[in-house]
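Respectively, the protein sequence lines represent chains U, W and B.
If you count by the numbering used here, then the first sequence holds residues 168 to 313, one letter each, in order.
If you count by the numbering used here, then the second sequence holds residues 84 to 407, one letter each, in order.
If you count by the numbering used here, then the third sequence holds residues 2 to 340, one letter each, in order.
Bear in mind the hints are in silico, worked out from the structure with no lab data behind them.
Some hints could be false.
Now the stretches of chain W that chain U is said to cover, found in silico as 3 or more residues with beta-carbon under 8 angstroms [what the hints assert, rightly or not]:
1) 198 to 206
2) 220 to 230
3) 292 to 299
Pairs of lysine to aspartate or glutamate, EDC-like flavour, derived with a Cα cap of 20 angstroms [as the list claims (entries may be wrong)]:
4) K366/W x E304/W
5) K48/B x D28/B
6) K204/B x D256/B
7) K197/W x E133/B
8) K279/B x E147/W
9) K287/W x D28/B
10) K335/B x E227/B
11) K209/B x E110/W
12) K313/U x D256/B
13) K312/U x E203/B
14) K255/B x D28/B
15) K171/B x D160/B
16) K199/W x E185/B
17) K335/B x E128/W
18) K199/W x D80/B
19) K228/B x E267/W
20) K199/W x E133/B
21) K92/W x D247/W
22) K44/B x D198/W
23) K231/B x E267/W
24) K202/W x D247/W
25) K304/U x D198/W
26) K255/B x D114/B
27) K223/W x E133/B
If you're wondering where the values come from, they're calculated on a predicted model, not measured in any experiment.
Cβ coordinates follow ideal geometry from the N, Cα and C atoms, glycine included.
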Amino acid sequence: MQVNDTQFKPLIVAFCCNWCSYAGADLAGTNRLNYPADVKIIRVPCSCRVNPMFILRAFQRGADGVILCGCHPGDCHYTSGNYFTRRRMTLLFSMLDFMGIEKERTRVEWVSAAEGAKFAKTMNEFVEAVTKLGENKRLEDLRCKK
Amino acid sequence: MQEMIDRAKELLADGTVDRVVGWRSGEFSYDITPGVFRSAEELDESFIYNDLCAPNLSKYLIKESRKEGKLLVFLKPCDTYSFNQLLKEHRILRENVYVIAVPCTGKIDVDTIKDKGIKGITSIESDGETVTIHTLYGDKTMPKAETLGDKCRTCKSKKHVVYDEIIGEDGEVNNDGARFELVEKLENMTPDERFEFWRNELSKCIRCNACRNVCPACSCENCVFDNPNSGIQQRAAVNSFEENMFHLIRSFHVAGRCTDCGECTRVCPQNIPLHLINRKYIKDINEFYGDYQAGEDAMSRAPLNAYTFDDCEPGIVYSRGGKA
Amino acid sequence: MFRLPVSKIDDLFGTIASSRTLYLPVDGNDGRAKYDKWSEGTKMSDKLNTVRSAKSFFFPQTTNICDFNVNGANVEVVDIREESEDFVVFGVRACDARSFTILDKVFLAEPVDSYYATRREHGTVVTMACSEPEENCFCNVFGIDAAAPEGDATCWIADGYLYITSNNEKGEKFVESISALLEETDDSAVKAQQETIHGIVEKLPFGKVSTDHFRKNTLLEIFNSEKWEKLSESCLGCGTCTFVCPTCQCYDIKDFDTGHGIKRYRTWDSCMYADFTKMAHGNSRNAQMQRFRQRFMHKLVYFPDNNNGEFGCVGCGRCLSRCPISMNIIKVIKEFGEE
């Protein structure tokens, strides 16, 4: 989808694990694959490092969507980190949905270091989904608005 | 009740324990305070156990069991789940506690009665079936079932999961799923309706921390909300976001460890149905990872401390529940 | 004394709301009473009292004090106070009405708290006599008459009529603004109701609780009493009692970093919280007993010592009905009085 200047541009926070997804993002870059510049990547040692509070905090500070990327289940650098992530995020996302926060604003994707193309594709799809939803109005702190 | 007092006196007299954790009577028949009793006289004077003793005593044992000497505690069925969960988390020193299980047929909630428009309540009597309410403006009676608080209306278990001895008969676990009815009702709403519902409820929050301080699962010595460096406001802030954040984070911290004792809703001065948030986690855990009841035993791993290779993906959330 | 038929009470509210904002107790979704803005169709609650007190009208839970806009090395201080508008709080009970005079002693003493003073200036308090006091009421212990509340104007509902009278200049102005709806009458119906109310108050379980002990004994004697330990043994350390209390006035001032500036706000604090007295050197109150003692010493000893014997409690009974473990000021007063 072509996004012109007057259109709403979502702010996306992407937590990427150091060993797979961050390298995947790197590969997307070296392969000159396009994904929107509105995606801000935060590198974490393992997807399991992401405390649910990080996700809420990102929303509070104005993120419109938060995506978490880690190694494929079974490939975790620390053996089992992403298995815990998987359970944790499933419950958190289900709770956000329960509270009436649009469920399309949060996502978990497994992206390996070799999947630069998948990284770019995931980001494009996610940005598109969040753009459709528009601004995050339900989990933001009005004080953080300019 | 007399049976409990007599047994407590025996245990005090033979030196098995040196103090008793129980419920203390108040000015009326219903303003009951948890307390520590150290002598037979004190027990005679103010120990009480009746259909109004709702407070869960297990959290007091975190501190109390670390003091010198052995104590006796009376636990209702749902309190034993909290006790077991705290044992699992190594928060209670089991060797310092002598547990007597006592039966419970559901606790009367004064606020539930007051919400029916009954004013000036000076005492409440219950024979297990009917409740007689004496007020400044005359007496009233109603079936006990109508006077139960949120925590007892859909009781999960009348079975004691841990005790040293038991007074009365042990009960049964109740698996009819009735406690999830309201959660299901919310799940079937649209996200907008759900958001409206929770916004309305959570904006009532005055950040008194009663839910956190009473919760047996909230046993951290230093709560994240009390850490000024955590970046979270520990008082009411000039925005509604923090109340959202507080309840989301608090419920996530106790997810998989919450035994559904319902104390959070009982103590909330603003009458927020906080137990629904915890029950949503319990329901989700049951559906995703198999039935799990926190506190049922003192050994098994909590669902968030465990995994299987074929757990569902977080994406499952997109394809389930509610209207779009 | 003026009156209007209760059936016309909506006209009364409409008239008041036409010139300023009107707040009154209404029943929330859960059936519990709270103060809310009046709009067409709003029904006044018939509950005795609201869960939270009326102090929030003058001393809200949070107040934005000022903003700092940060632009590089420049910091601009922004006064965010807006022109306050007039408002009326209707249906305040005698206990809450007295709490305002207690808060005045704190906030209107030099240096005057301008945020509080502005709200006081713009607010008109219309009180309502309590026709059905409840078991937790003990306002008479502090010399408050539930049958004749203070405030700018006072109302009674009796025999299908709402009776209203003004108590001061502000009240007179208020009554004048609604005079088109009122008819003049004598006070016989009000007198009769007052007698009934006094009869009920006479029978209240806590009506005869004695506070003499706190006047007779020295501060240190009460402070060092061993009774505090037992009284506070099961205190959870939550802030429920302080937040529902009409006279608790402690607050904290905090800065919120918005990422592009600072919002400075004040927020209710509670002496029951572990970090209430936390300072650079540490905390001077380390046990819950000390915090618990502070709350009741403040209301029953320190405040009267500094204010010609007036207690810092109005006997509204909120802490009695809301404390999660039912420990409250009545139990404290009785424990010390029973010697």
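Evaluation of the provided hints:
Counting residues of the stretch 198 to 206 of chain W whose beta carbon lies closer than 8 angstroms to any beta carbon of chain U gives 0, which falls below the threshold of three, so the coverage claim is violated. Only when three residues or more bring their CB closer than 8 angstroms to a CB of chain U does the claim for the stretch 220 to 230 of chain W stand; here the count is 0, and the claim is violated. Chain U is given as covering the stretch 292 to 299 of chain W, and this is violated because 0 residues of the stretch bring a CB closer than 8 angstroms to a CB of that chain, at least three being needed. For the suggested pair K366/W and E304/W, the alpha carbons sit about 28 angstroms apart, so the restraint of at most 20 angstroms is broken.
Simply put, K48/B and D28/B have alpha-carbon atoms about 8 angstroms apart, close enough for the 20 angstroms limit, and the pair holds. The suggested pairing of K204/B with D256/B is violated, with an alpha-carbon distance near 49 angstroms, which exceeds 20 angstroms. Distance restraint check for K197/W and E133/B: the Cα-Cα separation of roughly 14 angstroms lies within the 20 angstroms cut-off, and the hinted pair is therefore satisfied. About 25 angstroms separates the Cα atoms of K279/B and E147/W, which puts this hinted pair outside 20 angstroms; it is violated.
For a cut-off of 20 angstroms, the pair hint linking K287/W to D28/B stands: about 13 angstroms separates their Cα positions. The hinted pair formed by K335/B and E227/B meets the criterion: a straight-line CA distance of about 15 angstroms does not exceed 20 angstroms. At most 20 angstroms may separate the alpha-carbon atoms for a hinted pair to count; K209/B and E110/W meet this at roughly 14 angstroms. Pair hint K313/U plus D256/B holds up; C-alpha atoms about 17 angstroms apart against a cutoff of 20 angstroms.
At most 20 angstroms may separate the alpha-carbon atoms for a hinted pair to count; K312/U and E203/B exceed this at roughly 56 angstroms. As the CA atoms of K255/B and D28/B are separated by approximately 33 angstroms, the hinted pair breaks the 20 angstroms bound. With a C-alpha separation of about 27 angstroms, the suggested pair K171/B and D160/B falls outside the 20 angstroms cut-off, and the hint is violated. For the proposed pair K199/W and E185/B, the alpha carbon gap of about 37 angstroms is over 20 angstroms, so the pair is violated.
About 16 angstroms separates the Cα atoms of K335/B and E128/W, which keeps this hinted pair within 20 angstroms; it holds. For the hint pairing K199/W with D80/B, the CA-to-CA distance comes to about 47 angstroms; that exceeds 20 angstroms, so the pair is violated. Our distance criterion of 20 angstroms between C-alpha atoms is broken by K228/B and E267/W, whose separation comes to about 49 angstroms. Proposed proximity of K199/W and E133/B is supported: the alpha carbons are some 16 angstroms apart, at most 20 angstroms.
A hinted pair counts as satisfied when its Cα atoms are at most 20 angstroms apart, and K92/W with D247/W qualifies at roughly 16 angstroms. About 17 angstroms separates the Cα atoms of K44/B and D198/W, which keeps this hinted pair within 20 angstroms; it holds. Among the hinted pairs, K231/B with E267/W is inconsistent with the structure: their alpha-carbon atoms are about 44 angstroms apart, more than 20 angstroms. Distance hint between K202/W and D247/W is unfulfilled; the C-alpha atoms sit about 42 angstroms from each other, more than 20 angstroms.
The suggested pairing of K304/U with D198/W is violated, with an alpha-carbon distance near 34 angstroms, which exceeds 20 angstroms. Under the criterion of a C-alpha separation no larger than 20 angstroms, the hint pairing K255/B with D114/B is consistent with the structure, at around 17 angstroms. Our distance criterion of 20 angstroms between C-alpha atoms is met by K223/W and E133/B, whose separation comes to about 17 angstroms.
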